[in-house]
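For chain A, the structure is supplied; the task is to place chain B on it using the hints.
Residue strings, one per chain:
2 protein chains.
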Amino acid sequence: MAAPGEALPAQQDLLLAAAFVCDAQYNRNIPFETSPQAVRLYYLYNHWTMQAATYFFVFVNLSLAVFEDPAVYPLPFLATSLVEVLCLLVFFSRLLHFAKVTPRNIFWKDAKNICLMMAILVTLTDLIIHGALKICNITSVRYSRIMRPIFLVNFTESRQMRRAFRSIRNTLPEITYVFLLFMFSVLMFSLMALKLFGDRNLQTVEGSPYFTNYLEIVFDLYVLVTTANSPDVMMPAFDFSWWYSLFFITYVIINTYIFMSVFLAVVYNNYRKHLKNEIRKLAYMKRHKMVEAFNILKVKEGSEFVVKESQWKQVVKLVAPEISTSHRELLLRISDDEQKGYVDKKSFVRLADLLNIQVITMKIRSHPLERWLPHVYNSASSRFLRSMVRHKRFVWIYDVIILINAIFIALDEENPLISYAEWAFLSLYIIEILLKLYTYEPRTFFAKNQFWNWFDTLIIIAALVATILNAAFKSTSKYNGQQVLDIVFILRVLRLIRIVDSIQRFRVIMNTLINIVPTMLTFGGLALVVYYMFAIIGMEVFQGKIQFFAAGSTDPHALECGNLALKDSTFARAKYCKNNFNDIASSFIVLMELTVVNQWHVLASGFARVTHQAAKLYFIAFHIVVVIMIVNIFIAFILEAFFVEYSLEKSEVETAIEKKIHELGVGVQEEELLDGKLIDNMETTENNLEGNGIKTSRGLVFKIASKRYRTVDALLQRMFEAEIPSEDEGLPFDEILNLSPADFYPKSPTFDSAA
Amino acid sequence: MAAPGEALPAQQDLLLAAAFVCDAQYNRNIPFETSPQAVRLYYLYNHWTMQAATYFFVFVNLSLAVFEDPAVYPLPFLATSLVEVLCLLVFFSRLLHFAKVTPRNIFWKDAKNICLMMAILVTLTDLIIHGALKICNITSVRYSRIMRPIFLVNFTESRQMRRAFRSIRNTLPEITYVFLLFMFSVLMFSLMALKLFGDRNLQTVEGSPYFTNYLEIVFDLYVLVTTANSPDVMMPAFDFSWWYSLFFITYVIINTYIFMSVFLAVVYNNYRKHLKNEIRKLAYMKRHKMVEAFNILKVKEGSEFVVKESQWKQVVKLVAPEISTSHRELLLRISDDEQKGYVDKKSFVRLADLLNIQVITMKIRSHPLERWLPHVYNSASSRFLRSMVRHKRFVWIYDVIILINAIFIALDEENPLISYAEWAFLSLYIIEILLKLYTYEPRTFFAKNQFWNWFDTLIIIAALVATILNAAFKSTSKYNGQQVLDIVFILRVLRLIRIVDSIQRFRVIMNTLINIVPTMLTFGGLALVVYYMFAIIGMEVFQGKIQFFAAGSTDPHALECGNLALKDSTFARAKYCKNNFNDIASSFIVLMELTVVNQWHVLASGFARVTHQAAKLYFIAFHIVVVIMIVNIFIAFILEAFFVEYSLEKSEVETAIEKKIHELGVGVQEEELLDGKLIDNMETTENNLEGNGIKTSRGLVFKIASKRYRTVDALLQRMFEAEIPSEDEGLPFDEILNLSPADFYPKSPTFDSAA
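Same order as they appear, the protein sequences are chains A and B.
The opening residue of the first sequence carries number 1 in this note's numbering; numbering runs sequentially from there.
The opening residue of the second sequence carries number 1 in this note's numbering; numbering runs sequentially from there.
Treat the hints with caution; some may be incorrect.
Unchecked claim - Here are some of the chain A residues that sit facing chain B, going by a computed Cβ distance under 8 Å:
#	residue
1	214
2	228
3	578
4	598
5	638
Treat the hints as calculated values from the structure; they're not laboratory data.
For glycine and all other residues, C-beta sits at the position ideal for the given N, C-alpha and C.
Bound-form chain A, shown alone (with noise of 0.2 Å):
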């Protein structure tokens, strides 16, 4: 095979071919016009390592926060300001790579790419104009830090956390109108709300006049509708009289549970209806360039035309090489189902979905114990030992093991008896993984799906060692080694989440939130992108304002949190000194308060004592972003990932390769894998495998990693692209990128017609 650099003249169409797969199996913008060299470009730009390297700087450039004035690990400005120019540098070098490998008028359409020019330009600018007051000892703000979230999204690696936010964007005229006719609803309740109490000289808890000023009363309402004051906000009418409780009943049941449900749903509706039009149009995408790279590969056989089974192998291993040869002879088997050898059309286009299925090819191996000392691995005592590792009674005596050990680590641990029993569980736990490991082929059973089997094993040995560690702590010094006896109380709880693993029922719904981590990845991307905004805002603004002092500190202010204004203050009362803006990681836990909304007008209302009324709309506005609408995304997301998990049968292409497999007889099921029934298999597919066609190593079998997709977008789009006729070779190119849901939804016949 020839390596990309190496490509003979005549070998560059199937290399672009390749170029055009390898880019529809991960859906990239692709150099139209290739090289050899460009490709390599493209490759390189590509390699994980150079993704990786971006990411490491992204993060770097955003970590910069914890070491800049406010600062948690202060350090000189100098230093932070390198390695900021530094970030910058790599930014834009890596942009200049990406230059490289796109056609120029492609290149300079994209908005992002533009952005990340500005962002690097802006960044440089406010970098050295701040380094030269500061040489002149004048402060000044650096407003460019605001903008390093641009890295982490534009760049073309996070392609989700970019079409979360145009999801966020398509949304907004819609939320705006129901948003404004929910502050309607506020404003008119407040005005009744002063008409009714305004007169009445009730008092709150704190003595002050209850809803006499306008402005006060709405921002009480709206906090109501965060439901974060009540029922105090309603005790002084209640205690009035029993009827003024309906207003604020009537209030809370319009605007919090019928608006804030209005809200999710529309931003549901619109996340479903705008990710069902991206993942369209990847698919068209897709399709498109399949299309493209069958035409260059194409050979007339008969009268149709076709693809030769040696160029799609070529293509395939230049594509896929990590992928095994018996794993390529089944696609092949697949994509030419009658041998004649040669791929039509139809089977060509399904190849990039063909190869973004995992299967996994494994070899059953015997164990490593069975080849060096078979006589005693195989005696008749060494098969009971497996055969009682196998039956189920195993488990369950282990799962009583974990309750046992539950009872004592709840029991108090001064007691040497119970620290030593603390021993004897985690032995019993190693025994337990060494036993395993005895029976079960330690490569099936660290296999890359064995997900209980790596956290089993992680988590026993991290408890080990921390436990070594904590002893060896104990016994030498005076050292109270604090930390190391947090983690290891936390191993020790974490062991018995295994039970959970037991339960047939529970570990269905531990898969489906497994499977939905990396999906909630971008949304903490999402977060991150937002919290990081605010929490500059915040650190400039509120920084300093608000101080936290140890217990037992003899500061005269130590309980107005350093500052007389909070004197008698719910949040002084309420000790909330720690709740600062005066470092990045104070600000995140204020903001994450703040997303759970509980007190948040506790907070609000401390901060604008020290500041100005005005801090309010900070407050107001996180909880617009945060609260109303990405917290709104998550839930949908939640609620869209589980829907799908309940309704998606097996989709089409997944039932062709696991027709294959199972006429071939050499599947295994993943609850079979699970059970640990794969060697009690072993031995009939062994026999299976002799008589069948494809020359595969013997001892191998197949397994596709059936309910386990990647992300919840890969089964989306294996969803969506069922709609699409296979017949059906969309639109050109560049009117697949111009498309808008309003083209999807009521036109949907005409593609049919138009292809």
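Okay, now just chain B, sitting in the frame of chain A:
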């Protein structure tokens, strides 16, 4: 037309068919073997007065809790128990009536009838025992009071509520597993918290030891899931080291965000699944009955069976005597498209759907003034005035007036100028209504579906009456008519809502919200049932433990709510004394506060202090039932309603009517009505009408209440019905009744082949 009682033997079949149709229209259980008397009884049973009477007594029975000890308005035991016996008698006779019109085997197979009988029996027994004991001066608990909501749920009329309860029951198994997993997670985190923070000697804000008792930790962390004690529960650990905040953040992300979303997903998914199933069942039943009715009425015409036009008309007249002749003619034209003089099976089956569509027949009448004083009404100045009122600027001017009014309302009431301004605004609004009545035909203006016209007029008239009353009170006596004044205030502010109707985008959202209202009443009922039960239990357990003393009370324990156990508690400090279970009204308000969730732990701890720690279980149970189940169903319902509104195109049946109306040129768009273009249209449509075939009176216009479905259910029903192929007559009747969701989902295609 013969009245049902005078039916001749030959008309029995017709009557049966009419009963069937009527029944299919309302989806009721029907008497299978019918005599004229049975049909009369059946009509009587379904008469709206009987249904209203049943509801009336159900609510009388429920509201007894207001008058029974502990009472809001105390009445002697004899009075309440006599009323209760009366209610029970009514219920029993209603049940007897139902038994008369239902075949015996169906009656006894129905669990709700058995349930009702048991409830009547138990209540009666309990009442007698309680009365007897009362005579002997022994106080006993009236357990049967908790059964009263059974009457609300189990009478035939509350079909939707029963469906909601069935939906909850069906969701239970699935939600239980998620709940167990969730509780497992809470217990694990509690164990970790105990180990991490238990030995640190930390203190809460109140100075009590922090996280030392396992059960208390579990309660605190359960409360944290509801976010009610965030961030207070975290502060002591956070003050100690900011690293520990990570523990709480992880906890909130997993348990609040992820698990609560999963609960919503599970509830929503099941709600949708079961609703779809039930509605499909109804659709099949309806079609089944329509086919039976067809089979009774059919005559052979050529090669196919049909229903004669005359018989068709008779059936329609019998079934829906309230619809106009012209409406009936329209339906006939749709059913008998080619005017062949008979209706075929397919069209006949559709009749029930056609009857369900709200077609508003409107006679275009000339304005009464035009008839009485044509000279004046058609004079140049009158014409100018009317064109002015119809002009867009007229709406704008009044929008500006409303805005100015809003400012005046917010200003001080005491200023005499402003209180005169109020009269000016009132007059302006009245002038507006009079002008509109002068311009538009009054019966068109006050048509059934002109929500905003009704709203405006009612609000203005009420405001006028209340303002006059208030002025009268003020001038004649010292009596401070505060309650009248409150109503005046509320009405004054409600007037401002009108401005929403002027903006198209808001109107759409508002219409959707108004459409959901009827079905939201189902949830009102659901909430009432659960609240009532919890309130009864709450009153038995907590009654009198906490007392409220009005401000200025001299009671020494006023600050501790009359209970020394509450000394120094957060409950007393927050002045929550009025949140008690001393009567049903207070109980409902407390339960509402618990539903809103915030501060519920303060309430729970307060009540636990005055009784027993186990009392917290009552509050946790309430949280699980109401917040995790009912509120999630409510949210699921609003989501679904919005999605249906978003996604549903007009259904097939409706389009058929609309097409016909359009063909005949007798349609008006709703928008035209709202914009007051009706009169302009009249002149053109009048001419068109004369040419067409329907013998309608001159100036008749049909209008479909297009997007205004009465309930979301009706809407869903139409949605799912579209999925059933029209040739499909469904399964045999008995099988339909026993269908489960599983029957519909995977096997859906088999219905086609079975038909």
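| Hint check, residue 214 of chain A versus chain B [nearest Cβ-Cβ separation less than 8 Å] | holds (6 Å)
| field | Cut-off 8 Å, beta-carbon criterion: hint that residue 228 of chain A touches chain B | value | holds (6 Å)
| Hint validity - residue 638 of chain A Cβ closer than 8 Å to any chain B Cβ | holds (4 Å)
| Quick one, is the residue 598 of chain A hint okay against chain B at 8 Å, beta carbons? | holds (4 Å)
| query | Does residue 578 of chain A meet its interface restraint, that is, does its C-beta lie within less than 8 Å of any C-beta in chain B? | reply | holds (5 Å)
In summary, the structure agrees with every hint in the numbered list given earlier.
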